[in-house]
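Protein chains: 2
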Amino acid sequence: MAAASSPSSLHSSLRSCSKISITSHLSFSGSSPGFVKIPSRSGICSVGRICAAPLRSQANPVKVSASAAPVMDKPDSRVSTVVDVDLGNRSYPIYIGPGLLDEPDLLQRHVHGKRVLVVTNTTIAPLYLDKVTSALTHGNENISVESVILPDGEQYKNMETLMKVFDKAIETRLDRKCTFVALGGGVIGDMCGFAAAAFLRGVNFIQIPTTLMAMVDSSVGGKTGINHPLGKNMIGAFYQPQCVLVDTDTLNTLRERELASGIAEVVKYGLIRDAAFFEWLENNMHTLLARDPIALSYAIKRSCENKAEVVSLDEKESGLRATLNLGHTFGHAIETQAGYGQWLHGEAVAAGTVMAVDMSFRLGWIDETIKKRTLDILQLAKLPIAPPDVMTVDKFKKTMAVDKKVADGLLRLILLKGPLGNCVFTGDYDRNVLDETLRAFCKS
Amino acid sequence: MAAASSPSSLHSSLRSCSKISITSHLSFSGSSPGFVKIPSRSGICSVGRICAAPLRSQANPVKVSASAAPVMDKPDSRVSTVVDVDLGNRSYPIYIGPGLLDEPDLLQRHVHGKRVLVVTNTTIAPLYLDKVTSALTHGNENISVESVILPDGEQYKNMETLMKVFDKAIETRLDRKCTFVALGGGVIGDMCGFAAAAFLRGVNFIQIPTTLMAMVDSSVGGKTGINHPLGKNMIGAFYQPQCVLVDTDTLNTLRERELASGIAEVVKYGLIRDAAFFEWLENNMHTLLARDPIALSYAIKRSCENKAEVVSLDEKESGLRATLNLGHTFGHAIETQAGYGQWLHGEAVAAGTVMAVDMSFRLGWIDETIKKRTLDILQLAKLPIAPPDVMTVDKFKKTMAVDKKVADGLLRLILLKGPLGNCVFTGDYDRNVLDETLRAFCKS
Ligand SMILES: NC(=O)c1ccc[n+]([C@@H]2O[C@H](COP(=O)([O-])OP(=O)(O)OC[C@H]3O[C@@H](n4cnc5c(N)ncnc54)[C@H](O)[C@@H]3O)[C@@H](O)[C@H]2O)c1
Ligand SMILES: NC(=O)c1ccc[n+]([C@@H]2O[C@H](COP(=O)([O-])OP(=O)(O)OC[C@H]3O[C@@H](n4cnc5c(N)ncnc54)[C@H](O)[C@@H]3O)[C@@H](O)[C@H]2O)c1
Ligand SMILES: [Zn+2]
Ligand SMILES: [Zn+2]
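Residue numbers (my numbering), protein chains in the order written: chain G, 11 to 454; chain H, 11 to 454.
Hint data in this document are derived by calculation from the structure and do not stem from the laboratory.
Heads up, none of these hints are tricks.
Remember, identical chains collapse to one label, so a pair may be satisfied in a single copy or spanning two.
Within a straight-line C-alpha distance of at most 20 Å, the following computed DMTMM-like cross-link-like pairs (lysine to aspartate or glutamate) qualify: (1) 408 - 181; (2) 233 - 185; (3) 408 - 440; (4) 242 - 181; (5) 242 - 185; (6) 167 - 177; (7) 242 - 170; (8) 242 - 177; (9) 242 - 162; (10) 407 - 440; (11) 381 - 292; (12) 178 - 162.
Required output: the full structure, derived from the provided sequences and hints.
Shown next as structure tokens:
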């Protein structure tokens with residue numbers, strides 16, 4: 011049942027101005043209380059054992075030393091992995107695995123100073139705030155934990171809510187040496203990260219993402235911020251955490267739709283640059299949806315590695331980085347027109363991905379099997395594979411024309427091209443084919 | 011009348027973790043329209059000519075290549091200088107001189123993209139907004155300038171006012187390539203800088219300080235931010251500008267009290283680390299107060315160099331950097347207790363400086379001439395040399411105990427020690443002497 015990762019050559023056009031490099035190792039913590047790093051053993055890979063096989067190798071400074079294939083036939087073994095995001099003196103580890111919130115040492119080694127402010131929301135606080143507080147203070151009476159519980163929802167990702175974080179920090183007289191901890195999904199992560207960046211011009215920051223979306227997307231890249239009434243994520247900062255702690259057990263309470271929404275982004279990494287991962291996802295989707303901790307850990311790890319590589323190769327979002335937006339241009343139109351909040355981001359991305367893949371096929375850039383496999387895997391994840399009925403060709407065109415990916419009036423799109431795992435970001439395609447795709451997916 | 015700068019050895023305890031290095035050159039733009047850099051000629055210095063004499067030299071990376079002695083007997087010659095703040099890929103020049111807003115090329119070479127947002131206030135807009143707009147667009151029709159005019163006053167340095175900057179930027183659809191220009195004093199500079207840091211996670215930023223305070227203090231160090239109802243400058247970012255343009259002519263409209271307020275900070279640089287500069291100030295205070303552009307340029311330049319050196323040697327505000335707060339602990343108590351806005355910041359600093367110097371003298375750390383010279387120079391600048399009558403010993407103690415410079419219950423103060431131009435940041439002094447100073451300056 012386990013799928014070992016296979017070597018895969020680099021396909022995207024790589025640039026040399028890398029800043030982020032990643033290294034991964036697989037750890038087995040079994041019943042030991044601490045988080046024990048076991049050096050990865052490149053090349054030695056056997057089913058039924060902890061193993062690490064080389065995923066791909068390339069010139070420095072982007073180093074992917076090893077990728078782990080989880081052991082599926084031992085579902086209760088506690089496997090944890092670390093992805094090291096290498097940013098020079100701002101490097102940080104992403105710890106991934108089940109039960110990590112029960113290992114206080116992991117968090118505590120990244121807490122600077124004695125005072126912590128946990129930022130969370132009304133949904134997550136009753137579920138995990140006590141646990142996180144314990145993890146922060148267990149065996150360490152010097153640490154005092156404050157918390158601020160924000161209202162839940164994207165509509166609260168704004169300046170007014172952000173001020174509540176500052177209010178709390180200042181009322182409780184936190185100083186420069188404190189640490190902010192984001193406990194929640196992407197909304198909490200983005201807000202808490204920006205608050206940490208701006209409070210006293212920057213304090214320490216730890217991320218504990220609790221949605222799959224936040225685990226596979228916001229944990230890499232350092233983007234933080236809030237919305238403005240006139241636009242999403244308009245105000246923010248690039249700010250790196252001290253560490254990211256992904257306890258896959260927290261996903262057990264996540265609503266199914268939210269889990270699937272995150273999977274849309276996971277599938278995206280496979281489609282744009284990682285065929286072996288896509289195949290693994292095809293084989294393990296049921297296990298993932300059953301929230302198997304080992305499968306989840308692996309999918310999250312591989313996603314973080316893929317995102318870290320792309321971001322490191324193109325920090326400035328000039329080209330390669332745009333490929334992370336596969337399906338997002340169509341998806342953005344759906345999110346906007348269906349009314350924000352009606353469709354989850356990942357749901358819109360899924361439908362958008364199907365449209366991008368359809369268009370790639372119509373252009374003759376991919377063969378039909380890729381289109382079919384994309385449809386199948388998204389359906390397996392119970393994600394939508396078409397836009398809602400309200401969408402018309404005109405609505406798509408109207409929204410897509412103001413989408414930020416339009417440079418010089420030319421609508422550039424991320425489209426698949428070549429064998430599975432290859433894509434392009436281009437405005438050089440037949441306009442009629444875009445129209446064909448839009449007509450195929452809209453009633454009018 | 012001109013005072014050539016004399017070599018001065020480094021006195022403060024220097025650390026090696028330098029990030030900012032500064033180099034200066036003197037330029038003569040005469041009647042030529044552009045800003046012509048003339049290489050500095052170290053060592054060759056004659057009165058009545060443009061000259062550059064070595065101020066001090068020290069090991070890399072803090073390089074002060076040359077300092078300019080302005081030519082006082084040719085008051086109408088247009089002398090401009092540049093201080094280069096060397097921060098690796100975030101290095102920027104500070105242009106200093108009269109009439110610089112009439113040299114469009116200076117600004118335009120630092121504008122990235124085609125769209126500019128000028129942030130200013132209701133007092134400054136009628137005086138300089140047209141001029142700045144002309145400077146930005148003259149001979150360059152591609153550049154479009156938007157502006158946002160904020161209410162005037164420290165009480166508006168808050169989140170609500172900051173949002174007006176974002177509102178304007180978003181309503182006018184500015185993108186990542188735009189440039190924010192701060193036109194005003196420290197309040198505008200701090201707010202616009204933070205807005206530039208946060209808008210779309212960071213856009214280009216140019217500072218045009220129009221108060222002496224902003225020219226000699228906020229133009230170096232990269233601190234930006236806003237106040238929170240519970241504390242000053244609590245929310246912000248470290249963010250460096252593309253350039254700082256100091257047109258000394260803008261000081262002609264500044265109220266006398268505001269000019270003097272800036273001079274308190276200028277005098278501070280002399281006291282804590284630059285005896286030669288202090289002497290120059292003693293000799294040229296009348297010329298400065300008469301707003302002689304050459305004297306102003308020199309004083310601003312020397313202040314920026316001193317601040318850049320201190321900041322570069324101690325980015326983390328651990329010790330040396332604290333010396334920039336000479337007089338600020340006593341001053342802060344005055345500002346707080348006299349009611350913010352009653353006393354200008356520099357006025358409070360002046361009275362606070364007198365108190366710190368008095369205490370240094372009582373401790374036997376400096377001789378009486380330094381105390382006398384400090385009093386004289388501040389009086390010359392028409393700055394207060396004692397706290398207001400409302401201040402009592404208790405009020406001082408109460409406020410100073412919560413001042414941020416208290417570490418571990420010990421009130422550390424910046425005090426002068428040794429020959430002119432030397433200071434210490436210490437909690438190691440006789441407590442009774444502090445009481446003596448407080449009693450000497452308070453009626454009860
Ligand atoms: N910074 C980045 O790079 C980045 C990347 C992707 C998305 N984002 C941002 O993230 C946001 C979307 O994130 P999201 O999808 O996580 O949405 P979210 O944060 O709103 O979380 C979705 C819902 O799940 C709830 N929830 C979270 N964890 C839970 C758990 N363990 N159990 C039960 N319920 C739980 C939340 O309270 C919320 O109601 C957007 O604002 C987006 O802009 C940022
Ligand atoms: N970032 C830093 O490193 C730094 C350093 C020092 C001070 N500051 C901040 O700067 C602020 C104080 O700055 P400030 O002293 O410049 O006060 P300010 O910005 O309030 O300006 C003082 C007054 O002068 C007016 N003014 C400005 N330029 C003028 C001109 N050319 N002609 C006529 N009027 C003019 C202003 O409108 C205002 O009324 C404080 O908020 C302080 O925190 C920041
Ligand atoms: Zn997305
Ligand atoms: Zn000051």
